[in-house]
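Enquirer: Protein chains in written order, with the numbering used here: chain A, 16 to 420; chain B, 16 to 420.
Hints were generated in silico from the structure; no laboratory data involved. It is possible that some hints are incorrect.
You can't tell identical chains apart in this list, so a pair holds if it fits in one copy or across any two.
Claimed, not checked - List time: in silico DMTMM-like cross-link candidates among lysine to aspartate or glutamate, alpha-carbon distance up to 25 Å:
(1) K78 / D349
(2) K43 / E375
(3) K78 / D352
(4) K185 / D350
(5) K230 / D307
(6) K230 / E300
(7) K78 / D350
Since we're looking at a predicted model, the values are computed, not measured.
Number of protein chains: 2
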Amino acid sequence: MAVGVKAMPPLGAIAGVRLGTVAAGIRKAARQDLVVIQCDSGTTAAAVFTQSHFAAAPVIVAKAHWRQSEPRALIINTGYANAATGEPGLADARACCQALAQVLSCRPDEVLPFSTGVIGERLPVSAVIAGIPPAVGTASEDGWMDAAHGIMTTDTVPKGATCEMVMDGKPVRITGIAKGSGMIHPNMATMLAFVATDIGSERPVLQAALARAVKTTFNAISVDGDTSTNDALVVLATGRSGVRLTAAEGPAFTQFCEALEQVCAELAQAIVRDGEGATKFVRVEISGARSDDQARIVADTVATSPLVKTALFASDPNWGRILMAVGRAPIALDDPDRVTVSLNGVRVFRHGMVDPDYREEAGQKALAAADITVGVDLGQGHGRAVVHTCDFSYDYVRINGSYRT
Amino acid sequence: MAVGVKAMPPLGAIAGVRLGTVAAGIRKAARQDLVVIQCDSGTTAAAVFTQSHFAAAPVIVAKAHWRQSEPRALIINTGYANAATGEPGLADARACCQALAQVLSCRPDEVLPFSTGVIGERLPVSAVIAGIPPAVGTASEDGWMDAAHGIMTTDTVPKGATCEMVMDGKPVRITGIAKGSGMIHPNMATMLAFVATDIGSERPVLQAALARAVKTTFNAISVDGDTSTNDALVVLATGRSGVRLTAAEGPAFTQFCEALEQVCAELAQAIVRDGEGATKFVRVEISGARSDDQARIVADTVATSPLVKTALFASDPNWGRILMAVGRAPIALDDPDRVTVSLNGVRVFRHGMVDPDYREEAGQKALAAADITVGVDLGQGHGRAVVHTCDFSYDYVRINGSYRT
C-alpha cells in the first residue's frame, strides 16, 4: 500500500556515475538484491549516518572509509542489515569492500558498504562477492531505475527523484534514489538514500549543503518513531558538468542547496507515502512556537502519537487527540487558550474549545482526503516546523507482526 | 481483551468512605456512569493530576478545590471528558460540584469533580445533576465494587485492589479502584484512580507517601505513549482505624508507603493488562544504567516502540528491534558491546552480537507466554527502572479507529 504515489519520474543520468544491479541470491532467490554504484576519480562525497548506539557494521565501516578517502564505489545489499553482528559483522563488511576494490582496482577504503534487512544475522559474504563481477559488468549511467528497485525491502514502490537547473549557463543535474518503509524516524538520514550530481565541490561545501537539506527532509519524516541502525545518505559530486561550488555561501550555493533539498524532499516524502500500512500522507505543520526547535518537538509528538495516527486511519476528525498530543509535548506552553488547531485548513479548535463555526461534516470531508495537513498554531512566537508522517493501520501491525516469518 | 487478569479481589470497606453508583444516562442509556464518593469530616486527601498543557476542566477545578480544602466528596462521570471545553466546561464542572454540595450540605470547594470519555464535547450537566440524589441515596461503605464498574469506559474489566496490615497493633486497610485502557502513559497519575485508607494523616505526609508510590506504579506504565488530559489519582485518609501517620519518615511511614505502593502497583498493572487490544503483559526491566533516570529513559523508549510492540504481538523473538529501540534512546551509551538483552531470562544478545548459546526455539518459547520480561543491562552502572506495558495488536487499531462511531 502506498498513498498518492506518482509514478517515479525518469531518472536523469549523472555523468561519471554508473550503477549495476543484480540478483545475488543474498536472502531470497531471483530478487534484485545487490547494487554497485561506481563514480569517476575526482568525485567528492558528503554523507550522514544513523546516530543509533547500535550503528550497523556497514555504517561503521562506511563512516571510517569515508573519513579517510573520497569513494570510488558504493556497494549496497538488501536481505541482511549486518547489524548487531559484532566483530564478525565488521569483518564481513570489510570483505565486501575488499572484493569490490579488487575488481575495480581501487583501495578497499575507497569503497563504502551499505546493508539493509534483518538485524542480528550474519551477511552471506560469499553470495555478495559472487554478485560483484556481474554487477560491475552491467553498470551503466542509465542504471538508476534498476538500482531504485534493487535497494527495496518492504518498500512497495521504488523511490527516485531528479532535478535539473542551469548554473553559470551550464546544465546541472541531481538524481537520487532511496529506500525505506518502516523503522523510519531518522536521526541523521533515513534508511538508505543515494544521490549524485554532476556539479563539482570540495567535500566541506558539499557536506554543508547536505546538512542543510537533510534537516527539513530526511530528518523531518516519521513512519513509526523508530530509528534504524542502518540509516545512511550519501551525495556524490562528480564535477562532470563543468560547474563547481566554491564556497558554502552565496547565490550559487543557495541555488544548489534548494535543488538538493527538493530532491531530498521528494525522496523522503516518497518514503512516508510508502510507509508500512500507510493509507494517509500527513503533513504536521506547527507554527507560532517560541522557536523552530520548539515547533519541531511538538510536531514530533503529534506525528508519533498512536492515538492521532489511528484516528487518521479511521478518517475520524477526532481533534481531541491532536490536542492531547500537543498537551503532552515536553515544551513550555504559556497560554493553552491561544492554541488553534486545523485539519486541511478547517479550523476546529480555538480559545480553549471547539471553534463555534466548526461543523463535524467539514471535518469528515477534510479527513476523507488521502493527503492531510494537521495545523497547530501555538500562539506564542514565530517558530515553525513541518514533519511528514503517515497513519497507523491494521496493515502496519500485520506487516510488523509477520516480518520475519 | 485483557491479559492474565485475575478476578478482582473482594474490596475491603474503608470506615468513613461511602460510594454510590447510578446509571444517569450521561452518554449511553442503562450504563452505570456516575459515581459519588463521600468521606467523613476530618478526612485528608493527597492527589496527583495530569501535567498535560490541556488539563480538562474537572482537573482544573479539582486541583483548585483540593488546594483550598479537604474534600468531603468526589463526583466522577464517564461518557464525556469535559476536556477542551473552555470556560463553559469549567462552569459545567463547577455546577456539578455545587449540586452535590447542596445535597450533602457542604461547600462546593469541598467537592472534587472527575470526568473521563470523549474530548471536546460539553458535559450534559442536567443528567449529572439529576443522578446525584440517587447516587447519594445508595452510597454505602460496601459500594467499592459497583464504583469500580461505574468508572469504566473502554476498560473490559473493573480494577480494584485491597491491602491490609497491622500498625501499632491495630488493623489498617487501603482500598482503591482505577480505570483506564488507552491514552495511557501517565505523567503524574493515570486516568482515574481513587484510593482510600482508614489511617489518619496530615496532608503533607499523605502526599509524600503518594508521590513515592506513584513514581514506580502509575508513572511507570504505558499502553500507547499517549498522556491523557484527565489523569487524576486521589488518596483519602479517614483516620478511622485510630492509627495516625505523624511524619514522612520512620518505620511506620515506610510500612504505609509499601502498602500504598502495592495497591497502586496492582491498580496500575491491571490497567496495562486491560490495555486496548493487549494480548501480552510486558515488563521492561532496564539495569546497569548510570542512574535510575537514565534507565527510565531507555525503558520508556523500548516500551513505546511500535516495532517492539508489534513483534511482541506476533510472539516473535525479534530481539533486533529491542536493540534498535535501545539504540535510539537519548542517553549517553559508552560501550554498546557491554549491553546484554534477555527475553524472560533467555539471554539473546551480548558482546555486540547474538549470544552463541541462544537458540531461536528458546526465544519462541519465551515469547509464547502471556507475561514477558524484556531485560536490558546497559553495563555502565547500577541504575534500574521497570516500566510495564503491553503489545500493539490489530485490536488497538480497531478500538482506536472506531472509538467515536
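Enquirer: A separate judgement is required for each hint: does it hold in the structure or not?
Expert: Cross-check of the supplied hints:
Taking the shortest alpha-carbon separations for K78 and D349, only the inter-copy value of 19 Å comes in at or below 25 Å, while the best intra-copy value is 43 Å. Only between protomers do K43 and E375 lie at most 25 Å apart by alpha-carbon distance; the minimum there is 20 Å, versus 49 Å within a single protomer. For a Cα distance limit of 25 Å, the shortest separation of K78 from D352 across copies, 19 Å, qualifies, whereas the shortest one inside one copy, 48 Å, does not. For the identical chains of this complex, K185 and D350 are neighbours neither inside a copy (53 Å) nor across copies (50 Å), given an alpha-carbon limit of 25 Å.
Taking CA atoms no more than 25 Å apart as the test, K230 paired with D307 passes inside one copy only; the shortest distance there is 12 Å, against 32 Å between copies. In this assembly of identical chains, the alpha carbons of K230 and E300 lie at most 25 Å apart only when taken from the same copy (15 Å versus 34 Å across copies). Proximity of K78 and D350 under a CA criterion of 25 Å is satisfied inter-copy only: 18 Å between copies versus 45 Å inside one chain copy.
When each numbered hint is compared with the structure, a violation occurs for hint 4 only.
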